[in-house]
Amino acid sequence: MRFALQINEGPYTHQASDTAYQFAKAALARGHEIFRVFFYHDGVNNGTRYTVPPQDDRNLQKLWSDLAEQHNVDLVVCIAAAQRRGILDANEAKRQGKDGDNIAPGFRISGLGQLIEAGIQADRLIVFGD
Amino acid sequence: MSEMKKFLYLNRKAPYGTIYALESLEVVLIGAAFEQEVSLAFLDDGVFQLMNNQDASGTGMKGFSKTYRALGDYEVRKLYVETESLALRGLAVDDLMPITWEDEDEDYAEKPSIIPVSKAELAELIAGHDVVLSF
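These protein sequence lines are chains A and B, in that order.
Numbered according to numbering that gives the first Met the number 0, the first sequence spans residues 0 to 129.
Numbered according to numbering that gives the first Met the number 0, the second sequence spans residues 0 to 134.
Hints in this document: simulated from the structure, not taken from any laboratory.
Careful, some of the hints might be misleading.
[To be verified] Incomplete in silico selection of chain B near chain A, CB under 7 Å:
| # | residue |
| --- | --- |
| 1 | E2 |
| 2 | K5 |
| 3 | I29 |
| 4 | D54 |
| 5 | V92 |
| 6 | V130 |
Just so it is clear, the structure is predicted and the values come from calculations on it, not from any experiment.
Just so you know, even glycine gets a beta-carbon here, dropped at the ideal spot from N, CA and C.
Build the full structure now, drawing on both the sequences and the hints.
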C-alpha cells in the first residue's frame, strides 16, 4: 500500500514524530511505500539539524534523515509553517536575508500543495498529532 | 492529479490559544485550488472556531474568523458541526456565524453552509471520505 504521513508536532515534547517514524519503518519493512512525509505546524521542528539530544536518547532528526537516505523517502517541511518557526534551507536563508540555514539532510522545504498532492496520490494519508 | 477525491478537514481545537485552527484554514484554502471535493467538520473545542462576533483584538493574534465566511467563494460549501460538541459547551447553531454559499444554478441564492450533524452521523461522514485531515 502507498502511505502518506502528516506530522503535526515537534520532536520530544510530543510522541507524534516517534510514532510516525516507527510506523514508517514498519511499513517499509513490510514492503509498503511511503509516498511522502509532510511536516506541518510544530512538526517542522523535526527538520532542523541543530538539535543535540543527550547521547543516551534517540536523535529523531537523524532517524528521519537516515530513513530518507536508506529508503528514498520524501521528507517535506511546509514552507509557511517553517518560516514562522525559523526552519530555513540555503535558498530561503538567502531570500529572507538570514545569516544561516538549518535544514537537515533528506528534508526539503515546499508548499502546502505537497500535502494535498500526497492525499490524492496515496492510498492512505495518516495524521500524527495530538 | 486528475483523480477526484473527497477531502474532509476535522477541526477540533479552539480558534485561539494554539495555531492549529489558523494553519488548518491555510491548508483548506490551498487545497481548494486542487479541484477536489472539500468539506469541513467542527467538533470538540473546534466548534468555537465558528462562533459569531469573535474579537481577537486583545490576544495579539490575527483575527481570522471572517475567512470562514469566504469559504463559499472557494467552493467549500459544507461545514458540518457536531451537535453534541455544541451542547456540551452550552452553544446552539444560532450562536454561530451565518455562513452561506451562492448557488449559481438558482440565481445565486444564498444557502447555509453550516450543517448540524450528530456524533453518529459525523462518524459516517468520516467513513465516507477518502482523505481525512485532523487539526
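With 7 Å as the cut and Cβ atoms as the points, is V92/B at the interface with chain A?
-> violated (27 Å)
When the nearest CB of chain A is found for K5/B, is that gap smaller than 7 Å?
-> violated (10 Å)
Interface restraint verdict for D54/B against chain A (beta-carbon cut-off 7 Å) = Since the shortest Cβ distance to chain A is 23 Å, the answer is violated.
Would you settle whether the hint for V130/B is holds or violated, based on the nearest Cβ-Cβ distance to chain A being less than 7 Å?
-> Check passed: Cβ of V130/B comes within 4 Å of chain A, closer than 7 Å.
Satisfaction of the I29/B interface hint, Cβ to chain A closer than 7 Å = Because about 4 Å separates I29/B from the closest Cβ in chain A, which is inside the 7 Å limit, the hint holds.
Report holds or violated for the interface hint on E2/B, using the least CB-CB distance to chain A and a cut-off of 7 Å.
-> Holds. Min distance 6 Å.
Violated hints, listed in ascending order, are 2, 4, 5; each of the other numbered hints is respected by the structure.
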